[in-house]
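2 protein chains.
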Amino acid sequence: MDAGTLWDEFEAKTREIRDLIAVSDLLQWDQETYMPPRGEAARARHLSLLKSRTHAALCDERLGRLLDDVRPRDDAERATVRLVRRERDRAVKVPARLVKELAETQGHAVEHWKRARAAKRFEDFRPWLARLVALRREQADCIGHAGERYDALLEAYEPGMTVARLQQVLGRLRDGLVPLVAQIAARPAPRTDFLHADAWDVDAQWLVCLDVIRAMGFDFEAGRLDRSVHPFSVGMVPSDVRLTTRLRRDDGASALFSALHEAGHGLYEQGLPAEGTWVGTAASMGLHESQSRLWENFVGRSRAFWTHWFPKLRERFPHALAGVGPEEWWQAVNCVRPSLVRVDADEATYNLHILARFELELDLLRGTLDVADLPAAWNAKYERYLGLRPPDDAVGVMQDIHWAWGELGYFPTYSLGNVYAATLVKAMEKAVPGMWKSVAAGDLLPVRDWLRARIHSRGHLVDSEELVRSVTGSVLDERDLLAYLREKYLSK
Amino acid sequence: MDAGTLWDEFEAKTREIRDLIAVSDLLQWDQETYMPPRGEAARARHLSLLKSRTHAALCDERLGRLLDDVRPRDDAERATVRLVRRERDRAVKVPARLVKELAETQGHAVEHWKRARAAKRFEDFRPWLARLVALRREQADCIGHAGERYDALLEAYEPGMTVARLQQVLGRLRDGLVPLVAQIAARPAPRTDFLHADAWDVDAQWLVCLDVIRAMGFDFEAGRLDRSVHPFSVGMVPSDVRLTTRLRRDDGASALFSALHEAGHGLYEQGLPAEGTWVGTAASMGLHESQSRLWENFVGRSRAFWTHWFPKLRERFPHALAGVGPEEWWQAVNCVRPSLVRVDADEATYNLHILARFELELDLLRGTLDVADLPAAWNAKYERYLGLRPPDDAVGVMQDIHWAWGELGYFPTYSLGNVYAATLVKAMEKAVPGMWKSVAAGDLLPVRDWLRARIHSRGHLVDSEELVRSVTGSVLDERDLLAYLREKYLSK
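Residue numbers (our numbering), protein chains in the order written: chain H, 147 to 638; chain Z, 147 to 638.
Note that these hints are calculated values from the structure, not bench results.
In this text the structure is predicted, and so the values were computed from the model without any measurement.
Incorrect hints may have been included.
Identical copies look the same in the list; a pair holds intra-copy or inter-copy alike.
[Unchecked claim] Restricting the straight-line Cα-Cα distance to at most 27 angstroms, the calculated cross-link-like pairs of lysine-lysine (DSSO-like) are:
no.	residue 1	residue 2
1	K583	K527
2	K197	K572
3	K246	K159
4	K583	K266
5	K159	K197
6	K583	K458
7	K527	K260
8	K197	K246
9	K159	K239
10	K634	K260
Using the sequences and the accompanying hints, generate a full structural model.
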């Protein structure tokens, strides 16, 4: 076969794998948005089947031979070969039996987690979590590592990242944040009561979310917004990207900031190149989170943003915002205070929630912490980093769905996202001097376009740290984030 | 391996095939309900991939050996083996290349059909339809037949049915209907103007649909109702069944009768046994249509039904129904008049629309009619059976999506459904003497329960005609339908 024919076969095979993943994404989106309750059991089976098929397709021997034989002709093709090889090398080491067992255990664990959380009984979730940790340890050992199991799992979310590097960067971030948060918290707390009044018409919130997302440049011909209990986003393909937000009458900020966050993810997906190829995927989950956090916090919680949007908000919510001025609003949505629940945390303390999880996961995978001792260890971390002790496990160790999904190694990507976002914003401010003026005038497209040209459209040509370095000149460095937080919260 | 282990392997393999089909169903549902417009191309590719995988799984050699080796232990298992063998025998005869080409051509053809229909230009759709007809002819020849290609395609929708039998039954139905429709049409037309006034609040229509479907016993924990341009339903599994209806301010009846129709399909799906097995599927598309048409027409267009529901309707639509009494309403929703568009046709003329399509499809597959001559042939049939000539091809030969999907052989199942429904209602009236009294009192569950016990819960234990015969004592016979129509429309 000539080189072109080989490449076509390789491309068709890898496209099929991406397509199987996209189909799984749709099933998961549907599960959280429109699936009727009794659909759960069949859906878990369908997802498990698709995961098995995806794994089998990666392990296909013909794909292995093609990887050896194809001759990539440019950077994009070389990147695709490198990425597929990495993915396949990981896949072939994991037996199909383990893939299936993980998928099935995840399906059941989520159900047990939901019930255990509602009943505030960690005991009911414990055996499932213990099983998942055992399976993930086994998986990490199959994949292989140089002594640190966590590295083997982290690689799936953040290619090129290691625990050793994470511990440095996140350790310094923690050391900077703990005193910084204490300093901010020592200042008088802003008024936030109006945010939680039972006064926020959900239909009006919905319209505001749509307005803001549209202004960000999200393409509604190639995506949509729906409601779900937990906001999330999936980009099946750049031409079909789904966002969700949650709407609550007693919360004036959550829907909007969730929408900003998810649309940040969504713009990344819509801006990816070469649909259906491996190089046309996001460079890492950390970089993905940088996009969501950049829009949610760096843009969405800026004074410039509210210069334009606060008057619009007041039009939509004349009652809920009666007597509230733009500065009071801005203060309220930037209230930094230690809290128990990650998803409600402000942009400064958020990283301490992540630190706690990262360190606990590390101990679980190393085997130095038993799942039975996890609640006590969780509570001790919260006491140490945030000065708070959860009253029960529902708002403590069981608050997140991630572990019930078996996702160990994912959490650090949230903090990596915050770190990357700070560095990207710094670079953007230099490259686009009129940026904040545009934001203040309601024009968000300069932000989107800069990110699109430099991040989104590059796909996974190189790993995230190298990509960010090529754009900003900086490697992963927590100092930009710490400087941003100090400047924002302590400068006056 | 012992018999039990063999059976488990067989069951797991066949369940995977059913699961792949269910996943395709979800993708199709999403395509018609929530998918953003630019998602089309990727969706067509995903559906084509799933169809190829389904075909490959059916052709799997191991499945062939299992079919030879398994020892079914009861009627249900024997039925499953028979059904899987039939499905596999058909599949192995069709090359994977043809399956893929059909799926891809269908994806493109639908897009071209939409555009051609909007532009009223059959010429733009003609090459795609010609290609689909050629591919379906090829497929039929691969599968094999005794001289009539149509039989090979019909078998997929209506196992056990043949063109020879269809021509007899539908021929007699046509011969009875043409004069019957003329007789009814000679009578004074009822008032229908209010049905088409721009006065039907869509939110109120939505609530009525939900009320009626709930009263039918549709389980909303295991299903849902959404909006779409063309009403349809899919039962991925009995615990996840999706219905849609369309809502238009200038149509007071269409949403409701569509909802009744689709919920009739949905109740069948929710009532099927043994989820994930082959015996746990509907016995045929004709029997499926019997369920939808039974609810839509025999129940939903009865006087008894409106005894209970008309007062509720008038509460919801005080303006639209001002000055309209229950008898006027009943007359309006039972207006029999020849018309051009199948989906708007009344229960009597509907079958003449089907007859025209069946006969044209037969000629296309035999090769006695060229696609280029199809519009003229269509118009001639309409002239002959309905006395009407389409002003353009959009309301003529291009009105249905089925041919753009490549579905040739499907249409007759609609008329089989009407025929079966009449026979089932006749049997139900005998078996449940208080049936119409219950319906008049708003209690629709006796109807659902009778159908559930006798039809739905039997799955595909036997083919549809045998199933109907075991329930009613009658084989497929158009006389029940003709008698019902005569009695309803000519008795006074």
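(request) Go through the numbered hints given earlier and state which of them the structure violates, listing their numbers in rising order. (result) 1, 2, 4, 10
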